[in-house]
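> From first to last, the protein sequence lines stand for chains A, B, C, D, E and F.
Under the working numbering, think of the first position of the first sequence as 1, with each following residue one higher.
Under the working numbering, think of the first position of the second sequence as 1, with each following residue one higher.
Under the working numbering, think of the first position of the third sequence as 1, with each following residue one higher.
Under the working numbering, think of the first position of the fourth sequence as 1, with each following residue one higher.
Under the working numbering, think of the first position of the fifth sequence as 1, with each following residue one higher.
Under the working numbering, think of the first position of the sixth sequence as 1, with each following residue one higher.
Treat the hints with care, as some may be off.
It does not matter which identical chain is meant; a pair holds if it fits inside one copy or across any two.
[Stated by the list, open to error] No farther apart than 30 Å at their CA atoms in a straight line, the calculated lysine-lysine pairs in the DSBU-like style are these:
no. : residue 1 : residue 2
1   : 284       : 271
2   : 131       : 41
3   : 41        : 163
4   : 131       : 284
5   : 284       : 163
It is worth saying that the hints were derived from the structure and are not from the lab.
6 protein chains.
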Amino acid sequence: MVEELIYRRLLDWLAEDVPFWDATSRLIPEGCRCRAVFLAKERGVAACVEEVAAFLRWLGFAVRQRVASGEEFGEGSVLMEVEGAMRKLLQVERLVLNLLSHACGVATATRRALERARRANPRVRVAATRKTLPGLRYFEKRAVEAGGGDPHRLSLSDMVLIKDNHLRYFGSVRAAVEAARRAASFAVKVEVEVSSPEEALEAALAGADVVMLDNLTPEQVRRAVELLERAGLRERVVVEVSGGVTLDNIEEYARAGPDVISMGWITHSAKAVDISLEVVEVIKP
Amino acid sequence: MVEELIYRRLLDWLAEDVPFWDATSRLIPEGCRCRAVFLAKERGVAACVEEVAAFLRWLGFAVRQRVASGEEFGEGSVLMEVEGAMRKLLQVERLVLNLLSHACGVATATRRALERARRANPRVRVAATRKTLPGLRYFEKRAVEAGGGDPHRLSLSDMVLIKDNHLRYFGSVRAAVEAARRAASFAVKVEVEVSSPEEALEAALAGADVVMLDNLTPEQVRRAVELLERAGLRERVVVEVSGGVTLDNIEEYARAGPDVISMGWITHSAKAVDISLEVVEVIKP
Amino acid sequence: MVEELIYRRLLDWLAEDVPFWDATSRLIPEGCRCRAVFLAKERGVAACVEEVAAFLRWLGFAVRQRVASGEEFGEGSVLMEVEGAMRKLLQVERLVLNLLSHACGVATATRRALERARRANPRVRVAATRKTLPGLRYFEKRAVEAGGGDPHRLSLSDMVLIKDNHLRYFGSVRAAVEAARRAASFAVKVEVEVSSPEEALEAALAGADVVMLDNLTPEQVRRAVELLERAGLRERVVVEVSGGVTLDNIEEYARAGPDVISMGWITHSAKAVDISLEVVEVIKP
Amino acid sequence: MVEELIYRRLLDWLAEDVPFWDATSRLIPEGCRCRAVFLAKERGVAACVEEVAAFLRWLGFAVRQRVASGEEFGEGSVLMEVEGAMRKLLQVERLVLNLLSHACGVATATRRALERARRANPRVRVAATRKTLPGLRYFEKRAVEAGGGDPHRLSLSDMVLIKDNHLRYFGSVRAAVEAARRAASFAVKVEVEVSSPEEALEAALAGADVVMLDNLTPEQVRRAVELLERAGLRERVVVEVSGGVTLDNIEEYARAGPDVISMGWITHSAKAVDISLEVVEVIKP
Amino acid sequence: MVEELIYRRLLDWLAEDVPFWDATSRLIPEGCRCRAVFLAKERGVAACVEEVAAFLRWLGFAVRQRVASGEEFGEGSVLMEVEGAMRKLLQVERLVLNLLSHACGVATATRRALERARRANPRVRVAATRKTLPGLRYFEKRAVEAGGGDPHRLSLSDMVLIKDNHLRYFGSVRAAVEAARRAASFAVKVEVEVSSPEEALEAALAGADVVMLDNLTPEQVRRAVELLERAGLRERVVVEVSGGVTLDNIEEYARAGPDVISMGWITHSAKAVDISLEVVEVIKP
Amino acid sequence: MVEELIYRRLLDWLAEDVPFWDATSRLIPEGCRCRAVFLAKERGVAACVEEVAAFLRWLGFAVRQRVASGEEFGEGSVLMEVEGAMRKLLQVERLVLNLLSHACGVATATRRALERARRANPRVRVAATRKTLPGLRYFEKRAVEAGGGDPHRLSLSDMVLIKDNHLRYFGSVRAAVEAARRAASFAVKVEVEVSSPEEALEAALAGADVVMLDNLTPEQVRRAVELLERAGLRERVVVEVSGGVTLDNIEEYARAGPDVISMGWITHSAKAVDISLEVVEVIKP
């Protein structure tokens with residue numbers, strides 16, 4: 001996204017936190033400046049640091065970014081150093097920390113899942129879903145990428161993904177995929193959610209680009225992969241596993257041979273990374 | 001918030017998920033209707049159900065709400081029944097689930113913390129902070145209330161809360177509180193973050209309405225309460241504990257006698273409750 | 001797009017035409033009603049009629065839609081009948097006509113191109129591009145579909161399409177496609193613009209999902225198709241022709257065997273269809 | 001319009017094309033810069049070049065404008081040279097070209113019409129109408145001016161223009177004009193659409209500032225002008241011709257002696273001028 | 001303005017007053033209803049009552065409007081009766097009263113000025129200026145009309161009005177008016193501010209449609225009118241008086257023979273009319 | 001409020017005044033610059049000067065601020081000197097003057113009331129209400145502070161203030177205050193409007209933080225203060241007087257011993273201070 005659009009989004013959010021003024025920071029005189037650091041209180045994977053740094057620069061602060069999105073940082077690491085008007089900094093502090101802590105949390109969860117999955121299958125992708133917090137999709141998808149994950153589709157507009165509720169209308173995987181093939185633009189892929197190895201084969205035969213194995217056991221995933229291989233369709237179709245995957249069983253799923261494992265919790269339930277802003281010097285006018 | 005403002009916010013978020021159209025649901029003909037249920041896949045505390053129900057009604061759906069915000073629901077519970085245009089329902093499904101799952105997650109986290117705290121101290125309040133996800137403050141604060149918690153301040157505009165970074169400017173708790181008392185409107189309360197029992201007393205003597213004991217041990221909290229009692233100030237000042245409180249130690253903190261225990265994780269790191277929309281009947285035109 | 005989002009967009013546009021009030025229509029008393037028809041002054045293909053009808057209903061008018069998007073209509077046809085407050089109708093008349101005339105113009109241009117292309121190649125698709133008027137993409141893409149065309153990608157976010165300017169950075173088609181394959185999500189297709197039959201083969205070998213033959217002669221298109229067939233890649237890759245296609249040469253291009261022919265002029269230079277609103281009865285209060 | 005308002009409008013439109021990110025240009029590293037030119041592939045009249053140049057500068061690009069709005073340019077002309085971040089440039093390229101091509105198309109159509117009209121009547125004005133694409137009125141009216149045309153009224157708020165549909169309510173031109181004279185501010189002009197030379201006289205006698213001769217033949221226009229002259233009202237009233245004017249008959253209309261000829265097609269059906277952005281140098285970091 | 005645009009504007013303003021929720025009215029249960037009246041505590045002229053009534057209806061209230069905009073009301077008059085959800089009514093009460101009190105204040109000031117001016121000159125118009133409160137122009141101009149006044153131009157876009165600061169650039173009234181006549185659309189009027197009777201004549205000779213006599217004495221106004229009459233230009237030009245006009249001297253100015261007297265204070269300094277909302281019955285669920 | 005949010009608000013308002021372009025100032029060539037001064041035509045108290053100066057700088061003007069918000073200025077004072085593009089300056093002139101004149105008017109009204117009140121009671125506060133013009137609350141509250149007043153609550157979200165209409169639901173002051181104490185966050189104060197000295201005592205006993213004596217006589221105010229003192233509650237409760245206070249009786253009220261006197265008219269009916277922009281030098285290119 002062009003950075004000017006990011007500034008605008010962040011400004012909207014700032015307005016949520018400051019409907020009128022900051023009743024506390026306004027006690028500090030306008031001319032007072034300070035130096036401060038963004039300090040990690042625990043280890044994690046950095047995400048959206050560039051966006052936050054650019055926003056702070058746009059607001060008039062001097063920023064030195066010390067960690068890039070995608071990098072691991074340890075407890076006690078300084079992510080950014082910032083200098084500028086103290087009153088203004090304390091006014092934006094919370095928004096910026098809320099965004100950063102959440103984004104790093106998403107990136108960290110993604111990285112941890114990816115590390116485990118790759119132990120068993122070095123080519124598997126870990127992907128996000130559309131289970132993102134309202135308004136935060138851009139930042140969460142960026143954070144997933146920072147963690148090494150695949151963003152998956154970004155919105156309802158950019159892919160056909162036939163899910164169980166759609167299948168209730170169509171009656172069968174085959175009917176649904178064929179309807180999609182007829183109606184959809186050549187520019188988008190067609191994915192379908194299936195609930196058995198046999199349906200995976202049916203989907204591939206009907207022309208699906210991606211099959212999502214939903215809530216299958218690792219054993220069933222393996223079986224689906226085999227069916228596709230036997231039918232000579234393994235190369236033509238991307239196999240995605242979704243539903244019920246946790247850090248505990250992800251290796252097992254990865255070993256079963258899918259191309260992609262997608263997980264909602266890396267966005268909707270990621271624990272925020274504890275990051276704080278520490279003023280290290282007050283420069284009175 | 002007037003419901004018309006809520007609809008507008010939710011519509012903004014819907015636009016994030018549907019920048020152009022829903023490439024999948026448009027396969028379903030306009031006239032096709034369906035009945036569906038919002039099904040809890042795990043137990044939790046309901047939140048923002050009224051907002052979601054009102055929004056769905058505004059979009060033209062018939063909605064029967066079966067659980068009210070604040071109520072506990074079990075695994076397998078139906079939160080709402082909804083009937084209307086199938087294509088449209090599948091288009092808003094994910095947004096509405098993302099909001100609901102998160103809100104219920106926040107309410108559940110709050111309730112669990114409150115239950116533990118109340119075992120030790122039946123009058124203690126569990127409060128939220130401003131560590132909310134950007135754009136979601138209204139809904140998260142509502143969810144905290146649904147869980148039985150106290151929303152705490154809503155924005156930077158409605159309270160003076162002097163934190164460690166502000167204190168770096170003022171030099172002392174007393175100087176900061178006095179500056180606030182002089183400058184702030186009579187309409188807002190003045191709170192200050194302190195890092196020792198002695199500072200708590202200093203704050204109260206300087207006229208703070210609320211003292212936030214930040215990262216103190218339960219023992220230090222008890223000591224702060226005693227100092228205030230001895231000085232005859234316990235009734236005049238609200239004692240808030242913040243920082244480092246977890247489900248494991250909250251009872252201990254509650255027992256130490258504060259009025260309020262505030263926790264960021266109930267908003268920023270609450271695990272989403274697993275809720276899904278299940279189409280139970282397709283009504284073809 | 002959910003209709004509520006369409007109303008909002010149309011309301012924004014209405015505000016452009018009525019910054020304060022309609023200096024003319026306010027001469028008509030509030031209570032005066034009328035019946036009116038949307039009348040085609042020339043033949044064409046209907047588009048966006050449902051959107052306009054829904055918007056008018058949302059504004060309080062009774063609307064009877066007589067032609068569906070996608071249908072051909074003749075000179076003198078009535079597209080819609082509308083009844084309601086006269087002052088308000090005359091205030092929205094121009095906006096609604098401007099949108100409708102343009103959308104029908106786009107649909108008509110698409111249909112004419114498609115008819116010719118299909119004479120030579122009954123399976124070829126005629127597709128739009130991103131050469132749409134600012135702010136009108138949703139409506140123009142819908143109009144292209146109404147004309148029987150393929151919308152192609154909707155935005156920069158939903159496909160990788162490497163164009164000549166991108167190739168200047170990568171140096172070769174192969175390098176660009178390989179970079180895209182590595183970086184892009186499995187959920188999006190990768191297309192690349194090529195300028196010779198040989199590059200088309202290079203693109204397909206590198207793993208492109210779609211090759212866009214840009215400004216090639218029909219003969220070169222035929223040659224590219226042959227190269228792909230010989231390499232056994234014709235089934236694996238979509239062949240799109242773009243650049244320099246007109247109503248005069250589209251048959252020739254279609255005959256050369258591509259899957260898709262895309263044309264910017266069906267959106268950016270389509271002649272508006274002449275449609276007017278005629279008040280047929282004034283109902284004074 | 002203050003340029004800051006223009007940037008905002010263009011940013012809104014950019015968001016339409018980049019709901020999340022540019023899946024292609026992000027393959028190019030952030031630090032890579034380039035030089036590029038806006039190249040005319042055919043001749044035309046420039047319009048909105050200043051707006052686009054200012055916007056690009058605001059986004060951080062160095063821009064050298066080589067053609068001013070209002071100037072004719074030939075095939076192969078360079079309209080602007082631009083230098084800056086390559087990734088960002090390719091992200092805004094399409095929006096900026098879409099706007100520029102359309103604006104130049106409108107200016108060119110206006111200029112061609114004006115040239116012909118002026119051959120027959122060197123003082124006649126060629127004017128736009130409100131038949132502009134939704135959201136584009138400011139830019140289209142600017143483009144009409146660049147072509148040498150008169151923008152006519154900008155919105156429904158800034159003039160009284162009684163059209164046939166309004167006349168259905170009032171019953172007669174005279175009644176309508178008199179009602180307008182009574183109700184309208186002294187600050188706005190009153191125009192009325194008439195369908196015969198006799199009505200033109202009736203309008204002028206009733207006090208209209210402008211009479212619009214709608215769908216009259218050139219002969220009827222001449223007759224209307226004569227009637228006004230004989231009544232001594234020719235100086236007091238502006239005579240506008242509208243409806244059915246094309247490049248083929250505009251000279252004939254102009255010769256009939258009106259002050260203004262207005263045409264919808266110069267905005268709603270102008271052919272876009274073919275302009276492209278060509279990267280001429282890639283500057284890798 | 002289409003009412004849907006008014007609702008949107010009022011909703012924006014409501015969000016200013018309710019950034020999160022109404023901390024007081026939420027104490028009242030959702031189901032509780034009430035009847036209430038808008039009560040005038042002093043006499044005045046009604047304005048914007050229709051807009052407020054429509055907005056309240058749109059929010060779900062039953063409204064009975066008892067006074068129409070433009071009507072005089074006495075102390076103790078009921079302007080509207082309203083019935084609906086009590087919590088919601090108390091939430092919008094203040095916004096609606098703030099708007100109504102101000103609009104009625106503007107209408108009342110306008111009416112009082114008009115009454116005096118008409119004693120001396122029954123055909124003179126009292127007009128507003130652009131000295132309106134930011135964001136309130138539509139409502140203030142409507143209120144001026146309700147008071148019997150002329151709204152004058154609505155924005156900078158709909159008229160040429162050359163003021164003293166513009167004249168500093170042009171050097172003379174004549175040069176300025178001639179430049180305007182050349183550049184401006186035939187659709188807009190040209191007005192110029194002059195500072196002597198002689199300049200008024202100069203302006204009229206140069207082709208101004210309206211001359212604004214700025215800060216002239218009544219005697220000078222009379223002199224300007226005479227000069228124009230002698231030159232045979234009185235009918236061709238509208239004479240507007242502005243600057244220094246008060247309720248005390250307006251009769252004297254009116255008697256001097258201008259067409260229009262414009263006054264900033266009727267919008268920027270009008271005293272609000274005291275109106276309150278009184279709940280007359282609480283209907284508990 | 002962060003200044004970037006203020007620019008955005010002012011830009012919104014500018015768009016109200018310039019929906020398309022400034023038909024007059026565009027006569028001045030782009031390159032022409034000027035120097036100008038903001039000149040006070042009468043004495044007053046400055047407010048919002050910093051906001052306006054920052055906005056003008058953001059628009060590209062060089063600004064020298066000569067008077068700070070809160071300072072008294074005399075007739076003929078220069079508040080700011082500004083230099084930059086003449087066309088642009090004349091385009092923003094009116095918006096900026098409208099805001100400044102109104103803000104200074106509010107500050108001046110507040111200061112005058114405060115001066116009188118302080119004669120009788122040097123510690124009394126003069127406070128604003130929520131009777132602010134829609135959209136202007138931030139600026140009006142800032143202006144009240146500039147005048148030396150207390151802004152009081154900023155919105156419905158940041159305080160509980162039980163008014164007469166709420167009391168109709170609760171039946172008694174005591175019931176209402178107790179309900180508020182139970183439901184409200186510890187972070188907000190609870191105020192209640194009372195209509196007799198006895199109710200003031202009832203409110204304080206029930207735990208109100210602030211009691212608003214509404215429309216009491218000075219004698220009744222004194223009596224309320226005495227009742228509170230006798231009950232030992234005077235220190236625990238803030239006493240606010242509201243309703244019917246004017247410049248004529250404010251001393252009398254102040255003498256009766258309240259902590260705060262709040263007045264709606266300082267915002268809703270303040271007379272604008274006459275300020276104009278005078279171009280002092282035109283610098284042609």
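> Would you mind marking each hint as holding or not holding in the structure?
Going through the hints against the structure:
1. 284 to 271: neither (37 Å within a copy, 39 Å between copies)
2. 131 to 41: both (27 Å within a copy, 15 Å between copies)
3. 41 to 163: This pair counts as between: shortest inter-copy Cα distance 18 Å, intra-copy 41 Å.
4. 131 to 284: between (46 Å within a copy, 29 Å between copies)
5. 284 to 163: between (60 Å within a copy, 18 Å between copies)
The earlier numbered hint that this structure contradicts is number 1, and it is the only one.
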